[in-house]
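We have chain P already, so just place chain Z on it with the hints.
2 protein chains.
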Amino acid sequence: MTDETTPDVSARGPGAAAPVTLLVCVTCGAEGDGKPPRGEALLAAARAADAAGGSGPIEIAPVRCLANCKRALSAALGRADGWTYVFGDLDGASAGDLLEGARLLAAAEDGLMPWRGRPERLKRGLVARIPPLFPSKDRP
Amino acid sequence: MTDETTPDVSARGPGAAAPVTLLVCVTCGAEGDGKPPRGEALLAAARAADAAGGSGPIEIAPVRCLANCKRALSAALGRADGWTYVFGDLDGASAGDLLEGARLLAAAEDGLMPWRGRPERLKRGLVARIPPLFPSKDRP
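From first to last, the protein sequence lines are chains P and Z. Note that my numbering has the first sequence beginning at 469, numbered continuously upward. Note that my numbering has the second sequence beginning at 469, numbered continuously upward.
Extracted from the complex, chain P is given alone in its bound form (with noise of 0.2 Å):
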């Protein structure tokens, strides 16, 4: 039973936007054949999209890797003081979709990303979440 759309976490004030963290996993969808990962287009593609503005307060990095190897291409969305989600089943033009999610998430007083208003991509694709580790008060 999923519960995910209910917030859980101690609410922020009202304020700016939280910086966000989009980490692409630049191991998946490695082929072997000499081409770059599928993942390094993925994260080359949220740069450029990010660079073409909008997106808000996000920084944009490589991991190896989010061992959510069976669900490829994966990413992950995460803020300091709020959750952590991490998508798989993503391909080359997912970009957008997680600038979106990254955005939701930056602009949510909870610290959760709406279900409301996410990319399709973002609710079928969701792996896992996991809320701020510290300080515990955030959590139930």
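Just so you know, these hints were derived from the structure itself, not from any lab. As the structure is a computational prediction, the values presented were derived from the model and not from experiment. Glycine included, every Cβ here is placed at the ideal spot set by N, Cα and C. Incorrect hints may appear among the rest.
Said to hold, decoys possible - Derived pair list, reagent style DSSO-like, types lysine-lysine, alpha-carbon separation capped at 30 Å:
1) K503(Z) <-> K538(Z)
2) K538(P) <-> K538(Z)
3) K591(Z) <-> K538(Z)
4) K591(P) <-> K538(Z)
5) K591(Z) <-> K503(P)
6) K591(P) <-> K503(Z)
7) K503(P) <-> K538(P)
8) K538(P) <-> K591(P)
9) K591(P) <-> K591(Z)
10) K503(P) <-> K503(Z)
Stated by the list, open to error - Covered stretches of chain P, as calculated for chain Z (at least 3 residues, CB under 8 Å):
11) 537 to 551
12) 567 to 581
Below, chain Z alone, put in the same frame as chain P:
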């Protein structure tokens, strides 16, 4: 392709074990028959095993939910200066393995749970791992 065995954060200096948080999903395993979700039993077992001693500095807390419903029961292990691990396909007998994973993660100088010596259930049940989001210097 997994690169899960490759350390890729800056090494911590030698020192005492770092505090680890174990989050057990207590929405997992709800059977709708008035019984508590099976995740609650796993949480209770983890607390009992920790109280029996030997697991090192660990905080154990419930979470609603990790959104890993397809592979319930679920739990996450993380430390603030290290990686966070999400596990699925757990059952009520997994508490000891989770505490052993916590011990390994707490003792890891590089903030990564070592593959060698990791309980089999935490190898097969690995759903995803996420590096420390901040500071970004910890990433390649």
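Comparing the hints with the structure gives:
no. : hint                : verdict
1   : K503(Z) <-> K538(Z) : 20 Å, holds
2   : K538(P) <-> K538(Z) : 13 Å, holds
3   : K591(Z) <-> K538(Z) : 17 Å, holds
4   : K591(P) <-> K538(Z) : 13 Å, holds
5   : K591(Z) <-> K503(P) : 29 Å, holds
6   : K591(P) <-> K503(Z) : 29 Å, holds
7   : K503(P) <-> K538(P) : 20 Å, holds
8   : K538(P) <-> K591(P) : 17 Å, holds
9   : K591(P) <-> K591(Z) : 26 Å, holds
10  : K503(P) <-> K503(Z) : 52 Å, violated
11  : 537 to 551          : holds (count 6)
12  : 567 to 581          : violated (count 0)
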